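Participant: Here is what each chain is made of, one letter per residue.
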Amino acid sequence: MNRGADHTSLPGIVLWVLNLFCSEEHYEEFRGDLEEMHELRLKSSRVLAASFLIGFDALSMLRVRFRSKRSSPTTFFPIGMLRNYFNVALRSLGRHAAFSSLNIVGLSVSMAVGLILILFVRQSAQQDEFHEHADRLVRVYSDFKSSINRNNALYGTSPANLSDLMEREVPGVERAAKIRSHFRGTLVYQGTGLPLDGLYADSDLFELFSFELAWGDPATALVNPGSLILSPSEATKFFGTEDPMGKVMSVVGGRDFTVTGVLASDTYDTLFPLDAIASYSTLEAVPETREMLDTWTRSIYGSYTFALLEEGASLEAVQRSVSALIPIHFAENNHIRI
Amino acid sequence: MDQLGTLEELVLLSVCTLTGDAYGVSIHQKLGDHTGRPLTLGAVYTTLYRLQDKGYLNSEMGGATKSRGGRRKRLFTATGAGLEALRASRSVRERFWKAIPALDTASSFR
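Residue numbers (the working numbering), protein chains in the order written: chain A, 5 to 342; chain B, 28 to 137.
Because the hints were derived from the structure by calculation, they are not lab data. These figures come from a predicted structure and were not determined experimentally. We put the beta carbon where it would ideally sit given N, CA and C, even for glycine. Possibly wrong hints are sitting among the right ones.
As the list claims (entries may be wrong) - Derived lysine to any residue pairs resembling SDA-like cross-links, with alpha carbons at most 20 Å apart: (1) B:Lys57 / A:Gly220; (2) B:Lys93 / A:Gln194; (3) B:Lys93 / A:Thr12; (4) A:Lys47 / B:Tyr76; (5) B:Lys81 / A:Phe276; (6) B:Lys93 / B:Thr67; (7) B:Lys93 / A:Arg45; (8) B:Lys57 / A:Pro199; (9) B:Lys93 / A:Leu14; (10) B:Lys57 / A:Thr12; (11) B:Lys93 / A:Lys241; (12) B:Lys81 / A:Glu29; (13) B:Lys57 / A:Lys251; (14) A:Lys47 / B:Lys81; (15) A:Lys251 / A:Thr293; (16) A:Lys251 / B:Asp60; (17) A:Lys47 / B:Gly59; (18) A:Lys251 / A:Gly220; (19) B:Lys57 / A:Leu57; (20) B:Lys93 / A:Pro199; (21) A:Lys251 / B:Lys81; (22) A:Lys47 / B:Leu40; (23) A:Lys241 / A:Asp260; (24) A:Lys251 / A:Glu295.
Claimed, not checked - Simulated DEER-style distance windows between Cβ atoms: (25) B:Lys125 / A:Leu66: 57 to 67 Å; (26) A:Val92 / B:Arg120: 17 to 27 Å; (27) A:Phe81 / B:Ser94: 41 to 51 Å.
As the list claims (entries may be wrong) - Covered stretches of chain A (in silico footprint by chain B; criterion: 3 or more residues with CB under 8 Å from a CB of chain B, positions within the stretch not fixed): (28) 33-47; (29) 54-67.
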């Protein structure tokens with residue numbers, strides 16, 4: 005069938021409606037009738053009036069598609085009854101307009117809030133689930149009294165050197181990693197400075213978690229003081245398409261860093277701030293910082309301990325063993341739990 | 028047999044009047060001339076197709092012409108059943124007319 009743009013007197017919108025909604029079956033006759041009708045009207049009335057009327061006619065043609073099949077009087081689906089219910093509902097809504105709108109607005113707001121909460125919880129539950137050993141990974145929480153809060157409070161942090169102790173002395177712990185947060189500041193490279201939110205870690209990070217490097221070797225990238233791993237987006241911001249490896253950057257008010265790796269992805273679904281990862285040895289290279297890290301009461305803020313449990317290890321047993329470390333290595337009234 | 032609706036009856040009558048040349052626009056005009064009722068083309072077509080579903084009308088595509096943008100017409104013809112339905116409808120009316128003495132003769136109309 006020819007639906008091409010041949011000679012026509014019809015307004016464009018009519019043709020558009022026809023092309024869009026008219027079935028192949030009826031197109032020829034409807035198009036012809038509309039053409040004829042329009043030409044007739046153009047003889048007797050103004051273009052604008054005729055165009056308006058022909059548009060109305062074109063719309064009315066659409067009814068042909070929806071005409072009811074009177075030949076089957078008993079339909080399985082009681083459309084009339086449902087339409088009636090719908091009308092009744094609409095009318096009663098209209099009668100109590102104020103109350104209804106209050107109800108509807110209230111319901112929609114509560115549904116929206118509910119949905120947002122569900123999404124939030126779902127997202128939180130999925131976070132950091134992609135790691136290969138996610139089911140065996142645990143974080144050490146500390147429950148302690150500090151100079152700031154008089155009562156015991158639960159912290160997600162733990163003393164900095166706990167991970168070494170755990171690896172050595174706690175049965176059931178396969179591997180433990182220390183991570184320190186607050187690698188923050190302004191990272192500068194050749195006059196370009198950008199704020200960063202990262203962390204300090206050693207190569208255990210890659211042993212425990214399934215983060216991968218696009219450039220650099222996970223085993224060595226975080227060994228030397230002043231080593232730095234960037235996220236792909238950060239690397240692009242500073243170096244564009246250039247090879248970032250070995251470039252020397254500085255942190256304002258801090259030391260220089262050498263780029264030793266670039267992460268494979270920007271979109272790890274994780275709680276870790278991964279703009280940049282500095283080597284843990286950077287911290288240990290400074291004597292005062294080293295001393296701070298070795299003091300439990302000071303390093304407990306901002307240091308995180310993650311552990312990979314052995315296959316089949318009991319979490320309760322590990323918790324007990326970790327708590328038992330406290331009186332041995334730190335004789336104050338602290339309670340550390342996993 | 029289905030009782031004809033008013034519009035159905037009028038459309039069917041127009042088709043009969045326009046033997047051989049009954050299609051959308053001509054039927055629409057005929058109805059307009061005879062009843063003065065404003066109708067859309069769509070209304071005419073829905074009725075035409077309903078009558079066709081009921082078996083009162085047949086239709087076929089006519090030949091192409093130079094007018095109407097070279098588009099063909101769908102020509103409608105009344106079937107035997109259609110004529111039968113018209114007759115039935117008319118006889119119902121006539122029985123009523125005869126049952127009203129004041130209207131029985133044209134002369135007593137005024």
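Participant: Taking the hints in turn, state whether each one holds.
Facilitator: Against the structure, the hints come out as follows:
1. B:Lys57 / A:Gly220: violated, 87 Å
2. B:Lys93 / A:Gln194: Given pair lysine 93 (chain B), glutamine 194 (chain A) is violated - Cα atoms ~77 Å apart, limit 20 Å.
3. B:Lys93 / A:Thr12: holds, 12 Å
4. A:Lys47 / B:Tyr76: Not OK: lysine 47 (chain A) and tyrosine 76 (chain B) at ~29 Å, beyond 20 Å, violated.
5. B:Lys81 / A:Phe276: Violated: lysine 81 (chain B) and phenylalanine 276 (chain A) sit about 72 Å apart, past 20 Å.
6. B:Lys93 / B:Thr67: Distance ~25 Å between lysine 93 (chain B) and threonine 67 (chain B) Cα, so the pair is violated.
7. B:Lys93 / A:Arg45: holds, 18 Å
8. B:Lys57 / A:Pro199: violated, 81 Å
9. B:Lys93 / A:Leu14: holds, 16 Å
10. B:Lys57 / A:Thr12: Roughly 25 Å separates the two Cα atoms, so the pair is violated.
11. B:Lys93 / A:Lys241: Outside the cut-off at roughly 67 Å; violated.
12. B:Lys81 / A:Glu29: holds, 19 Å
13. B:Lys57 / A:Lys251: violated, 89 Å
14. A:Lys47 / B:Lys81: violated, 37 Å
15. A:Lys251 / A:Thr293: violated, 26 Å
16. A:Lys251 / B:Asp60: violated, 90 Å
17. A:Lys47 / B:Gly59: holds, 17 Å
18. A:Lys251 / A:Gly220: holds, 13 Å
19. B:Lys57 / A:Leu57: Measuring from Cα to Cα gives roughly 18 Å; hence the hint holds.
20. B:Lys93 / A:Pro199: violated, 75 Å
21. A:Lys251 / B:Lys81: Judged against 20 Å, a Cα distance of about 85 Å means the pair is violated.
22. A:Lys47 / B:Leu40: Given that 20 Å is the threshold and the Cα spacing comes to 28 Å, the pair is violated.
23. A:Lys241 / A:Asp260: holds, 18 Å
24. A:Lys251 / A:Glu295: Violated, at roughly 30 Å.
25. B:Lys125 / A:Leu66: 57 to 67 Å: violated, 43 Å
26. A:Val92 / B:Arg120: 17 to 27 Å: violated, 38 Å
27. A:Phe81 / B:Ser94: 41 to 51 Å: holds, 44 Å
28. 33-47: holds (count 11)
29. 54-67: holds (count 7)
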